[in-house]
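Undergrad: Spelled out, the chains give:
There are 2 protein chains.
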Amino acid sequence: MTTARKIFLEESEMPRQWYNLAADVKCPPFMSPAGPVPMEAWGPVFPMNLVEQEYSTQRWIDIPEGILALLMRWRPAPLHRALDLEKALGTPARIYYKNESLSPAGSHKPNTAVAQAWYNKQFGTKRLTTETGAGQWGSALSFACALVGLECKVFMVRVSFDQKPLRKLMMQTWGGTCIPSPSNETQAGRDILAKYPDTPGSLGIAISEAIEAAVSDPTGLTKYSLGSVLNHVMLHQTIIGLEAKKQLDKVGERLPDVVIGCAGGGSNFAGLSFPFVYDKIHGADIDIIPVEPSSCPTLTKAPYVYDHGDTARMTPLVAMHSLGHSFVPSPIHAGGLRYHGMAPLVSRAVEDGLMAPRSIQQLECYAAGMLFAKTEGIIPAPETTHAIAAVIQEARKATEEGKEKVILFNFSGHGLMDLVGYDKYLTGQLSDYDFPDDQIAKNHEELKGYPKP
Amino acid sequence: MTTARKIFLEESEMPRQWYNLAADVKCPPFMSPAGPVPMEAWGPVFPMNLVEQEYSTQRWIDIPEGILALLMRWRPAPLHRALDLEKALGTPARIYYKNESLSPAGSHKPNTAVAQAWYNKQFGTKRLTTETGAGQWGSALSFACALVGLECKVFMVRVSFDQKPLRKLMMQTWGGTCIPSPSNETQAGRDILAKYPDTPGSLGIAISEAIEAAVSDPTGLTKYSLGSVLNHVMLHQTIIGLEAKKQLDKVGERLPDVVIGCAGGGSNFAGLSFPFVYDKIHGADIDIIPVEPSSCPTLTKAPYVYDHGDTARMTPLVAMHSLGHSFVPSPIHAGGLRYHGMAPLVSRAVEDGLMAPRSIQQLECYAAGMLFAKTEGIIPAPETTHAIAAVIQEARKATEEGKEKVILFNFSGHGLMDLVGYDKYLTGQLSDYDFPDDQIAKNHEELKGYPKP
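Those sequence lines, one after another, are chains A and B. With the first letter of the first sequence counted as 1, position 359 gets the number 358 in numbering that gives the first Met the number 0; the numbers rise by one all the way through. With the first letter of the second sequence counted as 1, position 257 gets the number 256 in numbering that gives the first Met the number 0; the numbers rise by one all the way through.
Treat each hint with caution, since some may be false.
Unchecked claim - Calculated lysine-lysine pairs in the DSS-like style (CA-CA distance at most 27 Å, straight line):
id, chain 1, residue 1, chain 2, residue 2
1, B, Lys373, A, Lys120
2, A, Lys245, B, Lys249
3, B, Lys5, A, Lys249
4, B, Lys5, B, Lys245
5, A, Lys120, B, Lys86
6, B, Lys86, A, Lys245
7, B, Lys451, A, Lys86
8, B, Lys125, A, Lys373
9, A, Lys441, A, Lys5
10, A, Lys5, B, Lys5
11, A, Lys86, A, Lys245
12, B, Lys245, A, Lys245
13, B, Lys300, B, Lys451
14, B, Lys396, B, Lys86
15, B, Lys86, A, Lys125
16, A, Lys5, B, Lys245
17, B, Lys5, A, Lys120
18, B, Lys5, B, Lys451
19, B, Lys120, A, Lys125
20, A, Lys5, B, Lys279
21, A, Lys300, A, Lys441
22, A, Lys249, B, Lys279
23, B, Lys300, B, Lys5
24, B, Lys5, B, Lys86
Rather than coming from a laboratory, the hints here were simulated on the basis of the structure.
In isolation and in its complexed conformation, chain A is listed as follows (with noise of 0.2 Å):
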């Protein structure tokens, strides 16, 4: 073991093969009126290459070289040791976590987005659509499709769109194209706009346009990607956890005692858990921990049922927790972590009690990204804040217990283009909320005659 502060790993260390959690853990399939829905229905939405990766029950999946030289624009990415901020806690836990703020687009998402964007090259998929909500997602896609060569349309919700203007001039500059959502593009945007000519816009909205936008293309040469949620977005982003690995392994540092991500679709969360899931299966004591914000309390307070990925019910059915497809989130500013629903792979491992899903309130998380930030020097992503603030949660109980646990997050993302979130908590603005116990209930009617998981 070392104090040193950041554990790099060469290029060629770097892992050649993806974990793949279903093969371990067993997800119901997604389900359409007629039944489970085969491989082929996907086609007009996704590639076949990808679409076979996400029934895939294999294991070790490997990288393709192409993908890994795509990676390594940014990645290894480094293990820092966060001393400043064990001292500042004053605790005997050894505090680690992965940066993936270090990635052009600011976040864990290129990940996906390059792997995404390779395959659909292979497949000669000519142009991408997809949705975004804050900006993170469609950002990092546009830098994907600028370093393989395919055009990139991007459905953003439009109060995101008017509020968050730097988004849309990232995606811009990467040469994607960044569209208002509800917009005259699609039928499912001009009826809404007929309807509600001054809707703010909304992900399931943004979802409905980017998947019409892709499936009626004649040519059949436009896909649409999605940012998380389904298998193989989790399995691209277990490079995460499989470096991290690599990196406590290196440093003699043994299995960590607690993991921790946040978790709004599951994708960051996954990536660095995912790995340690395996070695918990095979008998490693790990308290693995996705953190969510009160507000939006999917795994801590929603049931395991039968829901469609967006509101306007175009998806298949999807085995996960859900707080219902019309569950409308408060306007909390990590807007990242506002989904309804959560990633099948995640759902069911909380499911199989693999996983200890925990719920906190929006001031306590950021109180903990200040002090974050004044110890460990970088600012993070609101999302982020609520990894930082379970971590400082455990390395409390590990003060009261005296134990020198090992606890390792995942700080998803920076806060760089999220500044004013910080500048409402630091002038009094934000407040906490309470998440009205009935909602869940209420929204859980619409899913009457559903099938169970």
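Given chain A, work out where chain B should sit, using these hints.
TA: Below, chain B alone, put in the same frame as chain A:
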């Protein structure tokens, strides 16, 4: 030699000494009406440990362990091979860049910010004041003060304060105070406001306010900090070039044929290039190119004179290339490259024939930045695009000559906080600038009677 995209150093491989070019390039002294300025005269402004460093001609200066620990928050910085830029240009040149954009503040500025904060803390200083234009330096110093436990007060040029709210928020998140300048907190500010209540402010006024706020503290515990120009600032930045040397050596690469950096006050350029100036002095054949905007041609058009460092003529006379302290820059988007003067060591090295400065127009720079973003994937700061434009010129020259040149440049910062400039470029709102040839002579009339260096 290898084709790795990134060359890392371990923390244990970090340079343990800075290189002081003042040992090998002799600058004339600071001058006041009473003659050369003695060290003691700086006492009210800077802590004496930094003043001693400013006057030192010792070639190698130990980096204190405390500063190394601070630098290790994000250093060593990776050296990248620009394989995709090379491919896009079809050049036989091998292009490397030092990635200084990965610091928590997004640029090279923290290298000297943490050193200055640490020396001040050692000296007993309680708070630092400084000025900032576009906000890079103010946020870097706020970051550094958070880490060592100093208060930080930043006077930010009012027009930038209003136009770039994100920078102010960065400073606040790190606990710094950011005040629009001119302010009512200083006599200098009040005088200007009385005369011109609607003034947009200027770097010259902000410098005056920051110095006054420091020297007027009766406890003597407030000091001033400068982010460029001075010898000790250049010294702290040499870690960039010293790391780059080790990294090139690590992959069996020879000394570069060309070394390039953008130059405003000179610090990022000096940081990369000075260790190679040492080699050039000892016989190596290296083209060392500081790149400035055509609209602010300090090194390429302005003479080497004695001039003030600020508009209000509060500083001693400095021997440097200067457009004249009353120079009013055109509104180009590279806010960090608009200073009327240039670091004395860079200026003197140009006089000694050790460097070949070059100026480039804004549109060529943005085009270079776009090509870089789409090939290498990282969006450069507007300042950094000037270095990239010169790299492209040199790579094309290598193609014409059929030479396998090694080109090294400093990627001084990312452009995520400066995307509005890209938007203006992409929408055709930017233009090139013809520098009026009579402007320098006119400005220099004010220097009549000053000593000659």
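Undergrad: Can you confirm whether the C-alpha distance between Lys300(A) and Lys441(A) stays at or below 27 Å?
TA: 13 Å, holds
Undergrad: Given the hint that Lys5(A) pairs with Lys279(B), does the C-alpha gap stay at or below 27 Å?
TA: 34 Å, violated
Undergrad: Within 27 Å, alpha carbon to alpha carbon, are Lys5(A) and Lys245(B)?
TA: 18 Å, holds
Undergrad: Is Lys451(B) within 27 Å of Lys86(A), Cα to Cα?
TA: 54 Å, violated
Undergrad: Please verify whether Lys120(B) and Lys125(A) have alpha carbons no more than 27 Å apart.
TA: Answer violated: Lys120(B) to Lys125(A) is near 57 Å, above 27 Å.
Undergrad: Hint check: Lys300(B) vs Lys5(B), CA-CA at most 27 Å. Holds or violated?
TA: Roughly 37 Å separates the two Cα atoms, so the pair is violated.
Undergrad: Below or equal to 27 Å on CA atoms is what counts here, so check Lys245(A) against Lys249(B).
TA: 22 Å, holds
Undergrad: Sort out whether Lys245(A) lies within 27 Å of Lys86(A), counting only the CA atoms.
TA: 25 Å, holds
Undergrad: For the pair we were handed, Lys5(B) and Lys451(B), check the Cα-Cα distance against 27 Å.
TA: 46 Å, violated
Undergrad: Compare the distance between the alpha carbons of Lys245(B) and Lys245(A) with 27 Å, and conclude whether the hinted pair is satisfied.
TA: 25 Å, holds
Undergrad: Regarding the pair Lys5(B) and Lys120(A), is the alpha-carbon distance no greater than 27 Å?
TA: 25 Å, holds
Undergrad: Hint check: Lys120(A) vs Lys86(B), CA-CA at most 27 Å. Holds or violated?
TA: This hinted pair holds, its Cα atoms lying about 19 Å apart.
Hints 6, 7, 9, 18, 19, 20, 22, 23 from the list above are not met by this structure, while the remaining hints are.
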